[in-house]
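**Q** Residue-level listing of the chains:
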Amino acid sequence: MSELTRPIRRLFGRGQRPADVPAGTDLAERPVPVEPAANRDSIAVDIPESDPLLAYFQSASGPVELARLELGSPAVDALRQAGVALVVPLVSQGELIGTLNLGPRLSEQDYSTDDRRLLTTLAAQAAPAIRVAQLVREQAAEAAERQRLEQEMRVATLIQQQFLPRELPNLPQWQIAAYYGPARAVGGDFYDFIEMRDGRIGIAVGDVTDKGVPAALVMARTHSVLRAEASRSDSPGEILARANALLEPEMPARMFVTCLFAILEPATGRIVMANAGHNLPYIRTDDGVVELRATGMPLGLLPGIVYEETEGVIAPGSNVLLYSDGLVEAHDPSQEMYGFPRLREEMAVDDAGSELLDRLLDTLHRFTGPDWEQEDDITLVTLRRASGVAHEPAGDGQAAPALVTAFSIPGEEGNERLAMDRVAAAIADLGLPTARLERLKTAVSETAMNAIEYGSQGNADIPVDIVVETTAASIVVRVTDRALSGGVPSQPEAPDIERKLAGEQKPRGWGLFLIKSMVDSMDVTSDGSSQTVTLTMAREERTDG
Amino acid sequence: MDDRTFGAVITEVPEEVRVRLSGDLNARADETLGTTYAQVAALGPHVVSLDFSHVGYINSTGIALVVRLLADARRDGRTVRAIGLTEHYREIFRITRLSDFMEIVEGDAA
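Taken in sequence, the protein lines are chains S and R.
Take 79 as the starting number for the first sequence in the working numbering and just add one per residue.
Take 107 as the starting number for the second sequence in the working numbering and just add one per residue.
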């Protein structure tokens, strides 16, 4: 049975009354009285879709006298009990849309041939009119429902806009801009700037799986939780961990939230961040564009997650971009993805603020073409520290590392020398004693060589990222590779020159030995998708005792 | 050929064969250094002097190549000297203990 015939499953009869009325979508709900209302009882008769009576009515050529009907239909019995004697099917364009149900004649005589002819004519004329009325009412109901939903979405959009910052922080020496573009009326992306103690600014950028209303609801909850937790802690890692603890038990199935939370100290450029599975921010310095690496599980997936923190200083003139995946995962008409390399390339251009965001969006729209239907929410947040600002000590009195340079090299053999030379050039003015400079250069070269050989497997398209930071006491070089072969294999034995000369050890195998010998400390961290070797070299020779 | 391309020039001086090395001593120097030692061996000297004055960069693979040459020379009963190493690479030869098996001559080649 089609949807339009479904309502006649519930037919109203008049108990022991001479006549009844057509039953249809609405008519069945509002039977036309033929007796004063006070004298009638309205009786509903449900006809299952499987009842043969419906098929019988559909094919009947005129009024059906129930007393003579032998159909084995429970509905027939129900109609009889309800006092219905004669049923006139209302069929429009071959579809049963209702019935006229009549009780026995008041005269207690059978319906005459003239009665039946009259009823047949009436049904033939009424059926199309009733069908039209049904369609009009259905369309009106659908339009009203659409209007109601649209109004609700307008309200939801307004409500969601309340969760976004009404204005961006006005920080001296900083240029900040943001863009929020949901794929639908409401979205699952969010960003936020939160005023924290001592003039620090909390910056959150997040992305809820899925889009539309479900994502927007989770976004609203996540936004509130992050705000609440940011008022209780100064640690991005702790804020994310607490947010995860609150969100995880209530997260709907197959949903989670990626979120990057950073705390910026505007006066010094010091930034501490933790990452719950969100895209890594890009930072552009005079030496190129690199990712700021920090990794962790998305919010809402598992309980008890600990989020590591990454710390650094945004140097004067540097530009940071935080973004959701709606940009990098957009597709052009041939289904090619916009991708990270393209964004990284765009970030290399020296502009900032809304100028940068406008250019990124222009580039995106040129890439996707005019007929693009936005696939996912897009959020962009950018911060640029003005050039010519002097480094200041961090607010906590500790020596915060200042970013000296950040760049990437293609992961092909020989480029370790390039890495070494660029690091040497970047730290040339830091006054490192020559011997320590030369040792650091060798350590950088050997570390980069390992990263190229094991992390990129010699593939020029797989870069090695190098970040150089400095404090008053030391210079820190981080070399990050993509861990294609799972990192540098551990050496079973230390290189032994006597055994090598005797042919008992291969001549090679000096790399790790040299690195460890050259710098004050070497640390290795890995998250499965990348490995970072951190080399620390004191700026002055340390004297024991 | 730029100044980083590895090269070796063999000269005979009284009582030794001197090999003037230049460029970067890394994996790309492998073949050249191997051929060079074969040529040196053919001259049959008791002393082989490696002049590093024009070598700007030595990495761990370069160290391994020196180890291989030193092993070959010792096998052949020859003495190996290193001349013209910068202070930094003298330190590396020291911590790798190459300096225990070859004479490190400070200062430029005579």
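Because the hints were derived from the structure by calculation, they are not lab data.
Be aware that one or more of the hints could be misleading.
[What the hints assert, rightly or not] Computed list of chain R residues with no C-beta within reach of chain S, every gap over 10 Å: (1) Glu118; (2) Glu121; (3) Ala133; (4) Thr138; (5) Ala144; (6) Ala148; (7) Asn165; (8) Thr167; (9) Ala177; (10) Arg180; (11) Arg187; (12) Glu193; (13) His194; (14) Glu212.
[Said to hold, decoys possible] Listed next, the in silico SDA-like pairs over lysine to any residue satisfying Cα-Cα at most 20 Å (straight line): (15) S:Lys594 with S:Glu516; (16) S:Lys594 with R:Ser128; (17) S:Lys594 with S:Glu582; (18) S:Lys584 with R:Arg174.
Ideal Cβ placement from N, Cα and C applies to all residues, glycine included.
**Q** Each of the hints needs a verdict: does it hold here or not?
**A** Hint by hint, here is what the structure shows:
1. Every beta carbon of chain S lies more than 10 Å from that of R:Glu118, the smallest distance being close to 26 Å; the non-interface claim holds.
2. Listed as outside the interface, R:Glu121 is consistent with that label: its C-beta sits roughly 24 Å from the nearest C-beta of chain S, beyond the 10 Å cut-off.
3. Its closest Cβ contact with chain S, about 7 Å, brings R:Ala133 to no more than 10 Å, contrary to its assignment away from the interface.
4. Every Cβ of chain S is farther than 10 Å from the Cβ of R:Thr138; the closest lies at roughly 16 Å, confirming the non-interface assignment.
5. Listed as a non-interface residue, R:Ala144 keeps its Cβ farther than 10 Å from every Cβ of chain S; the least gap is roughly 17 Å.
6. The claim that R:Ala148 lies off the interface holds: its Cβ sits roughly 22 Å from the closest Cβ of chain S, which is beyond the 10 Å cut-off.
7. Not every CB of chain S is more than 10 Å from the CB of R:Asn165 (nearest about 6 Å), against its label as outside the interface.
8. Its beta-carbon lying about 7 Å from the closest one in chain S, R:Thr167 breaks the requirement of being farther than 10 Å from that chain.
9. Listed as outside the interface, R:Ala177 is inconsistent with that label: its C-beta sits roughly 5 Å from the nearest C-beta of chain S, within the 10 Å cut-off.
10. The claim that R:Arg180 is not at the interface with chain S is violated, since a C-beta of that chain comes within 10 Å of its own (minimum 6 Å).
11. Its beta-carbon lying about 16 Å from the closest one in chain S, R:Arg187 satisfies the requirement of being farther than 10 Å from that chain.
12. Not every CB of chain S lies more than 10 Å from the CB of R:Glu193, the least distance being 7 Å, so the non-interface label is violated.
13. Its closest Cβ contact with chain S, about 4 Å, brings R:His194 to no more than 10 Å, contrary to its assignment away from the interface.
14. No Cβ of chain S comes within 10 Å of the Cβ of R:Glu212; the nearest lies about 15 Å off, and the non-interface call holds.
15. Under the criterion of a C-alpha separation no larger than 20 Å, the hint pairing S:Lys594 with S:Glu516 is consistent with the structure, at around 14 Å.
16. Proposed proximity of S:Lys594 and R:Ser128 is contradicted: the alpha carbons are some 27 Å apart, above 20 Å.
17. For the given pair, S:Lys594 sits about 23 Å from S:Glu582 by alpha-carbon distance, which is inconsistent with the 20 Å threshold.
18. Taken as a hint, the S:Lys584 and R:Arg174 pair is honoured in the structure, with Cα atoms around 9 Å apart against an allowance of 20 Å.
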